[in-house]
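Protein chains in written order, with our numbering: chain A, 264 to 480; chain B, 593 to 1132; chain C, 708 to 816.
Careful: at least some of the hints might be erroneous.
Stated by the list, open to error - Listed below are the simulated DSS-like cross-link pairs for lysine-lysine, each with C-alpha atoms no more than 25 Å apart in a straight line:
hint: 1; chain 1: B; residue 1: 935; chain 2: B; residue 2: 871
hint: 2; chain 1: C; residue 1: 715; chain 2: A; residue 2: 356
hint: 3; chain 1: C; residue 1: 715; chain 2: A; residue 2: 329
Unchecked claim - Short, incomplete list of chain C residues facing chain B, as computed with Cβ under 10 Å:
hint: 4; residue: 741
hint: 5; residue: 745
hint: 6; residue: 783
hint: 7; residue: 790
To be verified - Not close to chain B: a few residues of chain C, all C-beta gaps over 10 Å, as computed:
hint: 8; residue: 740
hint: 9; residue: 779
hint: 10; residue: 786
Think of the hints as simulated: they come from the structure by calculation, not from any bench.
Keep in mind that this is a model prediction, so the values were computed, not measured.
Note that beta-carbon positions come from the ideal geometry of N, C-alpha and C, so glycine has one too.
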Amino acid sequence: MSEVRSAALAEQFEDLDQQHEASSLGMWVFLATEIMFFGGLFAGYSVYRGLYFPGFDAGSALLNVKVGALNTALLLCSSLTMALGVRAATLGKRRELATFLVLTILLGLTFVGIKLGVEWHHDYLEHLAPGINFAYEGPNARAVELFFVFYFFMTGVHALHMVVGVSILAVLLWMTFRGRFGPERYNPVEMAGLYWHFVDIIWIFLYPLLYLIGAHH
Amino acid sequence: MSTTAVAPTTGVNYLNAQYGIRSWLLTTDHKRIALLYLGSVTFFFLIGGAAAVLMRLHLIEPQGALLEPATYNKMFSMHGIIMVFFFLIPSIPAVMGNFLVPMMVGARDLAFPRLNLLSWYVYIVGGLFTLYAVVAGGVDTGWTFYTPLSTTYANGNVMAAALGVFITGFSSILTGLNFVVTIHKMRAPGLTWFRLPLFLWAIYATSIIMILGTPVLAITLLLVALERTFHVGIFDPALGGDPILFQHLFWFYSHPAVYIMILPSMGVVSELVTCFSRKRIFGYSFVAFSSVAIAVISFLVWGHHMFVSGQSVYAGLVFSALSFAVAIPSAIKVFNWTATLYKGSVSYQAPMLYALGFIGLFTMGGLTGLFLASLATDIHLHDTYFVIAHFHYIMVGGALMGYLGGLHFWWPKMTGRLYPDGWARFSALVIFIGFNLTFFPQYILGYLGMPRRYAVYPEEFQVLNVMSSAGASILAVGYLIPLVYFIWSIRYGPPAGPNPWGAKGLEWETPSPPPTENFEEVPVVEEEAYAYGEKEAHVV
Amino acid sequence: MAAHVVAKKTYFTVFATLIGLTALTTYVATIDLGPLNIVVALLIAMCKASLVVLFFMHLRWSSRLMHVVGVAALFWLAILLALTLSDYRTRPWTPAGKPWGTSNIQFNR
């Protein structure tokens, strides 16, 4: 080893390219596992929607499409700021990176706040929380309840992923202030970006499956 | 002069580079993590084995000789959960995979060493939850956690056990991820895909299953936990749910999980058969691709566990046909191993005895699997001892024989010591005999109609049950012998030298035990795997 | 390291398209298209997801291996959905069973 090893290079790797490709591949593979994780939920959802179509329709009609659309827009916005943040990191622009990280964190927190504080709270007051206070007068009550089981569980697991994402971004922000990133060392930001966009994609599918299927009422 | 100063004459290796409990618990060295796994899977194997012994003792008498029926239920559940999730699934990948993947690709470590250590801790935390479930009174759902038994009716510690399995799943996912990235990105110069040892192809295929299957089990167990906690009707038919959906999601992982157990063993056998026949493998690319084919097809067959569950018969037809398809890549492997033996200079050292045992027992297990994959015969054999015998031929006769074979093969590399070969051959023989005596009668019992998971049975089944229990005691002795001589060899075994078997492969080109950085300098690979007999051919 | 730097303009264009598609799918959902509603909604969702993957996640500029990983994950998801639904979708094909001895199936001798 005559060449000088970069401080950003972990000892098991030969060079920065190898390290970068390894972490990208690792992240993509991890996202593949996440697809299968949510995939189990999507499979369950599809089965029951097929079996109990009217109930799922009626359940979906009880959700507020406007809030759902607003949240979708917020999340897409956060994906944009995240992508711009990664771009700033690759170029070594620390101030810009910090700005975009803060923006992404704020957008993410707003999303979670609306999701839990407004929507879940509202659903709870409407007696739509299965296993806690579910009370629905009308046909297909069991199927509507099943819809809300999936609604709460899917959005809950998604919100949990958001919280994890926000925490990761907070750590990255702290690392940015400590001057840990530079044009040679931005892997963590890039990986966090991939994760963030993935969580966005899950929502892109949850939005129509939960909010829109009953919107024609 | 300068070169000799660099040469590793000091005898520093990964075992004595650092001392103290901290140096083990905080290590990121893949070889040390492999040994951590070795210790922990052995611990779980002994617990799971003890449960099996109690079950077999109980079944000596038709009315049950030992346990309360409820205790018996907990015993087989514990045996299943621990053996499947805490021994078989981590066994070869986490012990031998961890030790060998970086060495076989000529790398210093796995791609993500800290993640690797984290996997072990995750595994241990999952294990603690499961042990808690056992100590706090046990679980009686079987290892399958079928609903609505697990969600509504079972009173045991289902949550703790399910949580344990859930957590351990992440250990498996992270290990698989690490292997895939390492095999893709860390190969030494010249080590092309078709020069990789077949063990790596097998581990790669296994990792695919771990990565893509395990998350589905995780979410399924979460749904069970949700239903149990909030009494909502995801799987409960009384509340509008469908219990068969649980079976779909469960077997989407748990059928491929069988291949998580058997594929690494197949990889080990490919290494052993070539080394002890002194021949290159017959049909390298067929053996390599059959591993990947098995990994893919294994995801298409899960419905054959559900032929009598109320699943649509049309889906059953498709699943049955696809199940037969798995036989093709499996048979390719068996035929290629036997073709490799043909006209080889075969020597019957202990690892080879295990490999040969594997080939025979796996063939038996695989062929009886076809009985169960056929819709009509499965209706007769479903949930009988025939199923038990079938999957023990695969998981014990196959996966465990491969594990022991691999352990005997690479033990000198791991520890730098030789074990007594005579005792090792003797124990291989004892295990083979004990295994067949235990499980062959169970085929007959199942064919005659004895259902699985029952604490009592009609008197006419006693002879076969006593045979099976007798075999189990022989098997137990067979497993204890290696435990003794392996531990003995650590202290008293003669030094092994870098390559006691005259084997090919990068891991044999470095001292035993290897130095922490595995290789003095990055190795360059210039020949294909298993180039046995190359030099002799050139001399002539 | 060869990092691909994308012009900011590209990101903004993609973002505008995503917002547009969100508005579109929200609007279409209010029209009753029968069974086509879910098809349209999922198609639009797939377009949006592809945009995010290709541009925000840089898959467009990533190596072939990353494409393989992505395709593999979708393939396995398809296996899970297709084979599970194959059971549920074909269950109604089997006529409901009748008690033993009351079958009206006539065998030719």
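Checked hints:
| no. | hint | result |
| --- | --- | --- |
| 1 | B:935 - B:871 | holds (9 Å) |
| 2 | C:715 - A:356 | holds (14 Å) |
| 3 | C:715 - A:329 | violated (29 Å) |
| 4 | 741 | violated (25 Å) |
| 5 | 745 | violated (20 Å) |
| 6 | 783 | holds (5 Å) |
| 7 | 790 | holds (7 Å) |
| 8 | 740 | holds (27 Å) |
| 9 | 779 | violated (7 Å) |
| 10 | 786 | violated (5 Å) |
Consistency with the previously given hints fails for numbers 3, 4, 5, 9, 10, ordered from lowest to highest.
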